[in-house]
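Engineer: The listed protein sequences derive, respectively, from chains C and B.
For the record, in the first sequence the residue sitting at position 113 is 309 according to the working numbering, with numbers rising by one throughout.
For the record, in the second sequence the residue sitting at position 355 is 397 according to the working numbering, with numbers rising by one throughout.
Derived from the structure by calculation, the hints contain no laboratory data.
Ideal Cβ placement from N, Cα and C applies to all residues, glycine included.
Don't take every hint at face value.
[Stated by the list, open to error] Which residues of chain C face chain B? A few of them, derived with a C-beta cut under 8 Å, are:
(1) Phe224
(2) Asn225
(3) Asn228
(4) Thr230
(5) Ala231
(6) Val232
(7) Glu275
(8) Cys277
(9) Glu280
(10) Gln429
(11) Trp431
[Said to hold, decoys possible] Partner residues are not named here, just some residues of chain C that face chain B (Cβ under 10 Å, in silico):
(12) Gly227
(13) Cys229
(14) Arg279
(15) Arg381
(16) Thr563
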Amino acid sequence: MARTVDVSLLRKIKQHGACETLDVSACFNCGNCTAVCPLAQDSTGFPRRMIRMAQVGMEPELLSSEDLWRCYACGECTETCPREADPAEFMAAARSYAIARYDFTGLARLAGSSTWGSLLVFALFSVLFSLLLINKENPGAQLPVFDFLPGWWIHAIGVVLFSIVGLSAVCGLGSMFFRFWIERRREGVNLRWSAFPGAVVSAITEAILHRRFRECDSEGNPTPHSTEPIYRQIWFIHATVMGGFLAMLLATSLDFLLKPIGSPATPLYPMRLLGAIGGIVCLYGLSLVLLRRLKAKDVPWRKSSFADWFFPVLLAATVLTGLVTEIVVYLPMNTVGHDIFFVHVVLAMDLVALFPLSKFAHAFYRTLALVLFSWRHAPAAQSVVADAQL
Amino acid sequence: MNMQIDSEYRPDAVVVGGGIAGLQSALDLADQGLKVLIVERQPSIGGHMIALSKVYPTLDCASCITTPKMSAAAHHENITILTNTEVKAIKSADGMHRVELLQKPTYVNFDKCIGCRQCEYACDSEYPDPFERGLGTVRAIAVPFTNAIPQKAILDAEHCGTCGTCARVCPTDAIEYDQQPRSLTIRTDAVIVASGFLLNDIHLKPQYNAHRNKNIIDSLTLERLLAPHGPYGRVLRPSDGKIPTSVAFVQCAGSRDESIGVPYCSRVCCMYAIKQAMLLSGSLPLADITIYYMDIRAFGKGYEQFYQNAKAMGINFARGKVARIEPVSSGDLSLHVESTEDALNPLQEHRHDLVVLAQGMIPGWNPTVDTPVTCASDGFVETPMLTAPTITNAPGIFVAGAAAGPKDIVDTIAEAGAAAMQVSQYLFQKRSPVLVG
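Take the sequences, apply the hints, and build the full model.
Structural biologist: Here it is, written out as C-alpha cells:
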C-alpha cells in the first residue's frame, strides 16, 4: 500500500504532551527504549515503533495499537534514552491524543490539549450540575436565575449531557476496537471469537492483580523505584487509588440499591464503612501521586501536564469532601455539612461526566487494550490442526 | 635525552603530552632547530598508541610505528622530556608563557638508574598493572613496560612494602626513598596542548552491569588482550581464563548518549571495533563475533573498504543499541537489544561470553588547570578558527590531536604537524617582525 509521510501527526501529539520541550523528533531509532523496557518482552516493539509511527504519520497503525496502552510509564526508557527524546512522555502524550481521537464529541481534544479547554469543560459541567442540584433540592426556591432558565430545561440539558458523555465513552471504546480490528485484519492476524472471553478474563485479572505493572519495579531492572519499599512503589500506589475507588463505587452503588434513600445509618453500617475505608486507601495513593508530581524528581513524575494534575486533584477533592461529609453529619452543630455535601455531589458528577474526556478514560481504554492484546496473542487454532496431522 | 632540568632551561616551545600528537609536533619542531620540552604525566611517553595492538585500516603494528617516534624524540638533541610531570598552570603575559610544572617523585634517581631491572626482579609487592588495564600484575618497583621510554625503574609508593630490598640490590644506588615532589616553572614562547583523551568509565551506564561481571571490558583492555606482548599472550576472558567463543562489541556504549553526558560521536569506535573483530577472528578462528551498532561511521580513506572486508570475513553486524547487559550463568552475559532489521522479532536477547564496550573519548586536558586556554561545552579545547584547527583562543598556545576533539591516529598526526608549523611560523613572526612586516 502506498503511504504518504505525514509530518503533522507528531506536532498534533506534542500538543498533548506535558511540556513544549518534548523533543521526540530527536529520536534516531536506536531501539534502546524498547530493549530496556521491562514490559516489552515479546515480539512487539514499544516505545520505538510508536515513535516511528508518529514520526512518519502512520496514524491508523498508531491508534489501532494496543501497545500504546501496555506501557505503565515507569520511565526507564526516558532515563536511558541517548537522545533525551523522552519516550515515556511521548507515550503519555500519544495516549492522550488517542483518547481525543477516539472521542467523537471533540471535548476530549479540548480538554487534553489545552489547560483553558480543560477548565472550560470543567466549569461548564460544574455550573450545570450545581444548577441541577439547586433546582432539585429546592423546587420552590425563588432564585432569579430560574426565571429565565426553567428547571425542567436544566434537567433536560443534564440528561442530554450525560447521554452524550455516555455515548462518547461507548463510541470511544467502539472506535478503538474497530481500528484494532481493521488493522489486525489487514496485517493478516487470525482473530477468533472463541478466544475473546478468555482474553476478557485475563485482562480483568491483570487489571486487578497488577501483575505486569509490578514488572516495572522488578529486582532485575535497575530503575530508581525498584529499591523502594512496596508501599511506595508505583504499582502499589496505583492499586490503592484503583482499589479505593472501586470500593467507594461499590459502596455507593450498594447503598443506592439496598438502603432507603435518606434513612439514617450508623458509622459501622457495612456500606458506609466500606466507603470510608476505600476513601482513606484512595487518598493515601493520591497524596503520594500528588506529592511526587510536586517534587518532580523521578521520571514518570518529572513533567506534568494539566491533565496529569487535573484528574488526581479532582478525584482527591471528591474523596476528601465525601469523607468530610461522613464526619460532619455526626457533629452536633451541623451547618456546613450541607454545603460540603453539595460540593461533593457536584464534584462526583463532574468526575463521572469527565470520565471519558480526562485521564480517567485510561480505566476502560487500558482494560480494552489488555483484552485486545490477550485476544491477539491467544494460542492459535493452528496447534489443534498440527496435533490432528500428527 | 636530557631529563633533569631547572628553571634556567628556556625551551622555544613546551609540548603538553607525550602521546603520538605530542611526539610528532615535538619532532617536527626540533627538526627545524627549535628547542622543545615534552611534559608527560605518565611514567613513559608513547600515550595510548604504544598500548595498541594494531592500527586500522592497514593493520600495521602500532608499536612498530610508535616506538621509533618515541626513540627519535628521546634521542633528539633539541628535545627534553619530563615524565611523571603534571602541568599545574600556564600563565601568559607579554607574549611569554610561564608553565608551572609538578614533578612527582619516582623514588629512583634517573641519572643513576641504568634500567637493569634488578630491583624489579627482587621486589615482593605486586599490584594490578595499570599499563595492562588492570589485567596481570606489575611489581611495586619496575620499568613501566617493555618498550617504555625512559627505560628507568619507578617505585609506586602506594603499593610498596618498604622492605628495602630494591635499595640493597640496586647496583648503582639509584633508589632514593626520600624524594619529594618538585615544583618547576619554565618560561617559553609557545605551548602545544597535546593532552589527548581519556576513555570514559565502563560503569557509567548502570544498565550494563559492568561491576557485576569481569567479562565486560572496554576497548583499550581488548587492545591489550590482542597485543602480542599483552598480559596473557593470547585472548582469554578475564573472569576465568576461558577462550571466548562468542564475543560482542557494543558500539556507542560511551558516546552519542545524552544520558551519560557524552552527546558527541567519538569517531574512532566503529573503526577500531571492526579492526579488533578482524584481529579476534584471526586469534580465535572459531569464535562468533557480533558488532552491535547504530550506524557504522567509516568515514576515512580506505575505511569503507575495511568495513566491507570485515563483513566478508563473516563478522556479524547487528543494528540496534544494546540497552541492557545481564550477567547469566557461568560468567556469560545476556544482551538485550531491539533489532531494527528484524521486523517480526525485534526484541532479542543474545548470549555472549565476552563483551567489549566501545567507551567514548573524553578530554585528557584537565580544565581545572589554571590556563588561558578555553574549552568548548564538550570539554575539549576550543578551536575558534575553522581554517586553522590548531589555533586556540590563547595567543601562542596551540592544540593538536585528541585534545581538540575525538580523532583517530591518522588525523592526529596530520594535526600535530600542522600545530608544529603554526608554532614555528608564530615564533618566526615574533622574533623577526621586520621580515614579516
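Engineer: Go through the hint on C:Ala231 and say holds or violated, using the shortest Cβ distance to chain B against 8 Å.
Structural biologist: Interface hint status for C:Ala231: holds (3 Å vs cutoff 8 Å).
Engineer: Is the hint on C:Glu275 kept, meaning its closest Cβ partner in chain B is under 8 Å away?
Structural biologist: Holds, because the Cβ-Cβ distance from C:Glu275 to chain B comes to roughly 7 Å (cut-off 8 Å).
Engineer: Hold the hint about C:Cys277 up to the distance rule: shortest CB distance to chain B must be less than 8 Å.
Structural biologist: holds (6 Å)
Engineer: Per the CB criterion, is C:Asn225 less than 8 Å away from chain B?
Structural biologist: Where the cut-off is 8 Å and the nearest Cβ of chain B is about 6 Å from C:Asn225, the hint holds.
Engineer: Taking 10 Å as the limit, does the beta-carbon of C:Arg381 come near enough to a beta-carbon in chain B?
Structural biologist: The hint is violated - C:Arg381 has no Cβ within 10 Å of chain B, the shortest such distance being about 18 Å.
Engineer: Once the shortest beta carbon distance from C:Trp431 to chain B is found, is it less than 8 Å?
Structural biologist: Since chain B brings no Cβ nearer than about 20 Å to C:Trp431, farther than 8 Å, the hint is violated.
Engineer: So, as I understand it, the hint says C:Gly227 touches chain B; can you test that by seeing if any CB pair is closer than 10 Å?
Structural biologist: holds (3 Å)
Engineer: Are C:Phe224 and chain B close enough, Cβ to Cβ, to be under 8 Å, as the hint says?
Structural biologist: Result: holds, 7 Å to nearest chain B Cβ.
Engineer: Does the nearest C-beta of chain B fall within a distance shorter than 8 Å of the C-beta of C:Asn228?
Structural biologist: holds (4 Å)
Engineer: With chain B as the partner, please determine if C:Val232 meets the hint condition of a C-beta pair closer than 8 Å.
Structural biologist: holds (4 Å)
Engineer: Would you settle whether the hint for C:Thr563 is holds or violated, based on the nearest Cβ-Cβ distance to chain B being less than 10 Å?
Structural biologist: violated (24 Å)
Engineer: Would the hint on C:Arg279 stand, with a C-beta cut-off of 10 Å toward chain B?
Structural biologist: This hint holds: C:Arg279 lies near chain B, its Cβ roughly 6 Å from the closest one there, short of 10 Å.
Of the numbered hints stated above, those contradicted by the structure are hints 10, 11, 15, 16, listed in ascending order.
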